[in-house]
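Input sequences plus hints: build the corresponding full structure.
In the order they appear, the protein sequences are chains A and B.
Using the numbering used here, the first residue of the first sequence is number 1253, and each one after it goes up by one.
Using the numbering used here, the first residue of the second sequence is number 6, and each one after it goes up by one.
If you're looking for bench data, these hints aren't it; they were derived computationally from the structure.
Below are the DSSO-like pairs computed for lysine-lysine, each with C-alpha atoms no more than 27 angstroms apart in a straight line:
1) B/K191 with B/K77
2) B/K78 with B/K191
3) B/K59 with B/K78
4) B/K77 with A/K1426
5) A/K1426 with B/K59
6) B/K187 with B/K68
7) A/K1421 with B/K68
8) B/K59 with A/K1421
9) B/K78 with B/K187
10) B/K191 with B/K68
11) B/K25 with B/K59
12) A/K1426 with B/K78
13) B/K78 with B/K68
14) A/K1426 with A/K1465
15) B/K68 with B/K25
16) A/K1421 with B/K77
17) B/K59 with B/K77
18) B/K59 with B/K21
19) A/K1421 with B/K78
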Amino acid sequence: MFEALSYGFVQRALIGGGLLALFSGIISVFVVLRRISFLGSGIAHAAFGGVAIGFISGINPLLSAILYSLLISYGIEAVSTRGRIAEDTAIGIFFTASMALGIVLIGISRKYNVDLFGYLFGSILAITHEEALIGSVVIIFLIILIILISKELYLITFNEELAFVSGIKIRLIKSVFFISMAVAIVLGIKLVGIILISALLVIPGATAHLLTKRIVRMIILSCVIALASVTGGIFLSFYFNLPTGGTISLLLAVFFFMAFLLQRLLRDGN
Amino acid sequence: MNAIEIEGLSYSIGNKEVLKDINLTLQEGRFLGIVGPNGGGKTTLLKIILGILKPSTGTVRIKGDSPINAIKKGLMGYLPQALRIDLNFPATSINVVLTGLYGEIGYMRFPSRPHYEMAMEALRTMGMEELAFEIFGNLSAGQQQRVLAARALVGHPEILILDEPSTGIDVVGQEDFYHLLKRLQKRLNLTIIMVSHDIGALTGYVDEMACLNRTLHYHGSPVHALTEDVLSRLYGRKVDIMLHSDACEKCARLKRE
Ligand SMILES: Nc1ncnc2c1ncn2[C@@H]1O[C@H](COP(=O)(O)OP(=O)(O)O)[C@@H](O)[C@H]1O
Ligand SMILES: [Mg+2]
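This is the structure:
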């Protein structure tokens, strides 16, 4: 345990990963309650297109991925609210088109390197000083922002018409939430990779929801579960030389099934 | 002063005209009942008054102002028809009532002690104090409606808008609920608009009745709404069965009076 902590890269992974865990813990509650996990995983896959654009153009791939994801979320929203296309259909189209764009662009550039693998499966133990610093500042800002709008987000999630009649600016709050979610997803790619991002976005909230029906407790539990999985996953992968993203996601799944069994036992007990 | 003024209002979805040529004025402190068949446009009219939907033509004034401004001032409380809420949604009764104060509390602030006290007071008014910390999804339909009514009232609105609030409530509970509304109307000089299926029960409580089926077929004193002429224009021939069934014994009685 202490030996791992003496390594700079482990320290950076723990700080960056820990903050990101707290942030996804909060976001996850609303993703689960709004039932938009498919949108989340769609945005993550679409981000691959943004990563490829970054590779080709020389822009930082995380930055291009964030911008590209925001564009895609906006596109999904625009197509599904103005056109006659269901939202899940729009997500399916944008997500595969972006993933395909990424694959073709990377094929053209012929840069099949380890980095690419990192984006698919996560590379938290490889983050640089600069990435850790910028990432941490961004995440702390977003955590504060999401807490500040959590009251409105809660009411919109409960019922949009009631929120409207209470005078809440629904579009504004939803935009802030979707932007935050897109940033969380793209940064989460560093942690667990595109393929496993849904684990981070869905499982903490879903597990907490099994254990409580009180909103504040649910958010706290969700953060605790995300934090335990991320730090646990980083340590385990360091000592047993396992892929970090996979280990974190497996730990999340273990928490979920434990909560599921616990909840069954408690329910059958009374 | 007029609480609500609607002029030349119509509303279409695609080329389907849901509401047509609606003119309606309601004075402050009055209790208006709206009845009409399913699909007659009652919910749509309420949503236009609340500013949730924009009319295709015509204007709506709430105390002389637009619905959007009325909402900003917190003038209106709303109890929607069927809330399709996940039974597992993490909310207690008091959480739900507190959301009725979110507009007033404002952005980037959180409910504090006085807000909890206001929420408790609203629950007490609705006789739901004891279930304040119960999970909303675990309540019966009638109890949920009372919590939602407490939510609509908690911000002290001047106009209360209720869309079929008695759905899922037994007859006794329903009459209690109407009594309660009547008392609130008198005590707080509330303007109330309530949509209901049950003409018979409504007649005893409201000051005015409006009969809506795409357009307003009647607006005036509740007793005269029960003439066969008005009702058959509103419901078609089925009204005959309705008037003479046990379910509407009260309509028949009121009609005779
Ligand atoms: N989103 C919608 N899309 C299409 N038609 C709708 C929609 N909402 C309501 N309608 C139609 O508008 C009409 C009025 O509906 P509504 O206001 O709910 O009536 P009521 O509340 O009197 O039962 C109905 O014919 C309904 O089919
Ligand atoms: Mg209706």
